[in-house]
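Enquirer: Next come the chains, spelled out residue by residue.
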Amino acid sequence: MSSTPTGRQLALALGLAVLAGSAGFLLARHAAQPQPGSIEGLIWPDPRALAAFSAIDHDGGPFTEEKLKGRWSLLFFGFTHCPDICPITLSVLAQARKGLGNATGGAPLQVIFVTVDPERDQPPQLKEYVRYFDPEFIGLGGTPEQIRGLTSQLGVAVMRNPGTPDGAYTVDHSAAVFVIDPGARFVGVLSAPHEKDSMTLRFRNIAEFVRRAES
Amino acid sequence: MNISRALLAGGVLVLCATAAAQEPEIAATGAWIAAAPPVAGVNAGYLELTNKGAQSATLTGAESPRFARIEMHRSDMQNGVNTMRRESALEVPAGGTLPFAPGGLHLMLFSGAPPPRTGESIPLTLIFADGVRIPVTAEVRPFSPGAGSHQH
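These protein sequence lines map, in sequence, to chains A and B. Every number in our numbering is 365 more than the matching position in the first sequence, counting from 1. Every number in our numbering is 1074 more than the matching position in the second sequence, counting from 1.
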């Protein structure tokens, strides 16, 4: 037997090298995509597509699940007579939105404030309220049934407290920000407390995971 | 300075000294009011109370010529749900502090008319159970830089 490699052996070695290279490439690619369980707030696999709902936007026009398609959405539930948590969260969302343009791969990002107090928060009130924080924000209202059509499928808790004799009341509500992907699927939850840097990071991780999983 | 004014000034000093010896020494610091959309009709006020005295003090309310009504509220989070409850009395422990901060205790300021404007200094009076009243000045500012810059 000759000690010099034959053409056949060379071909085999070359083939193995190509295989190893491919495996390494695939492994590297696999490793670069983090495990879903390691991404805080990600709902994966099988994110739920939102069922049909109908609400009223702050200009009085209809707003349905169709307006969630083709863009990323961050939904926050609250009420305009809330002095502490709601304005804090909307301030954070206004700051975070500016830094999230490149997390969506060019798809638009919309921030939506859904009132849990639709009787008091009529569209003009919502419009003035949300635009104070960011002129791009969208306020959603409607009838209590319309709001329930959205809160029930996202698991948003809403509890109105007994009022004072002058009619003032507060509404307890979920503090989380809900992440909806461009397929109108509920893909993530950003839980409170809200702070710009951590919110930005968590949204970016969720959006990048979903985009890569879909690509 | 004439004699009567000197006597008056001395008298005030003695009164202050007497008060300091008998009552909690409460300091209110860092008071500010979060700017909010005027349409909200409410603002939150924050500050920190420090009690340097040997006995606790009880805050029972606040008032201001700029607001129709002021209540004390506590925001809390239970199982991911934001709650807000009115408090009728809050203790400032002897040697301790009582912080009012975003996401926790706040003064709920109703119906500022005209609505508070960023940069405005607003007088508040804190009222304690023993009748002591402490005036503070709170500056109106946004929750975070860049937020609330779209006021009209």
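Keep in mind that the hints are not guaranteed to be accurate.
[Said to hold, decoys possible] Taking beta-carbon pairs under 7 Å as the criterion, some of the chain B residues facing chain A (in silico): (1) 1100; (2) 1102; (3) 1111; (4) 1113; (5) 1114; (6) 1118; (7) 1120; (8) 1146; (9) 1149; (10) 1155; (11) 1156; (12) 1157; (13) 1172; (14) 1176; (15) 1218.
None of these hints come from the bench; they were simulated from the model. Note that the Cβ used here is the ideal one computed from N, Cα and C, for glycine as well.
Enquirer: Hint by hint, say whether it matches the structure.
Expert: A quick look at each hint next to the structure:
1. 1100: Not OK, violated: residue 1100 of chain B not within 7 Å of chain A, min 23 Å.
2. 1102: The hint is violated - residue 1102 of chain B has no Cβ within 7 Å of chain A, the shortest such distance being about 19 Å.
3. 1111: Hint holds; residue 1111 of chain B Cβ to chain A Cβ min 4 Å, cut 7 Å.
4. 1113: Holds, because the Cβ-Cβ distance from residue 1113 of chain B to chain A comes to roughly 4 Å (cut-off 7 Å).
5. 1114: At about 5 Å, which falls below the 7 Å cut-off, the nearest Cβ of chain A leaves the hint on residue 1114 of chain B intact, so it holds.
6. 1118: It holds, given that the least Cβ distance between residue 1118 of chain B and chain A is near 4 Å, below 7 Å.
7. 1120: Since chain A brings no Cβ nearer than about 9 Å to residue 1120 of chain B, farther than 7 Å, the hint is violated.
8. 1146: violated (12 Å)
9. 1149: holds (5 Å)
10. 1155: holds (5 Å)
11. 1156: For residue 1156 of chain B, the interface hint holds, since the closest Cβ of chain A sits about 4 Å away, which is under 7 Å.
12. 1157: holds (5 Å)
13. 1172: violated (16 Å)
14. 1176: Where the cut-off is 7 Å and the nearest Cβ of chain A is about 5 Å from residue 1176 of chain B, the hint holds.
15. 1218: holds (5 Å)
Checked against the numbered hints above, the structure violates hints 1, 2, 7, 8 and 13; every other hint is satisfied.
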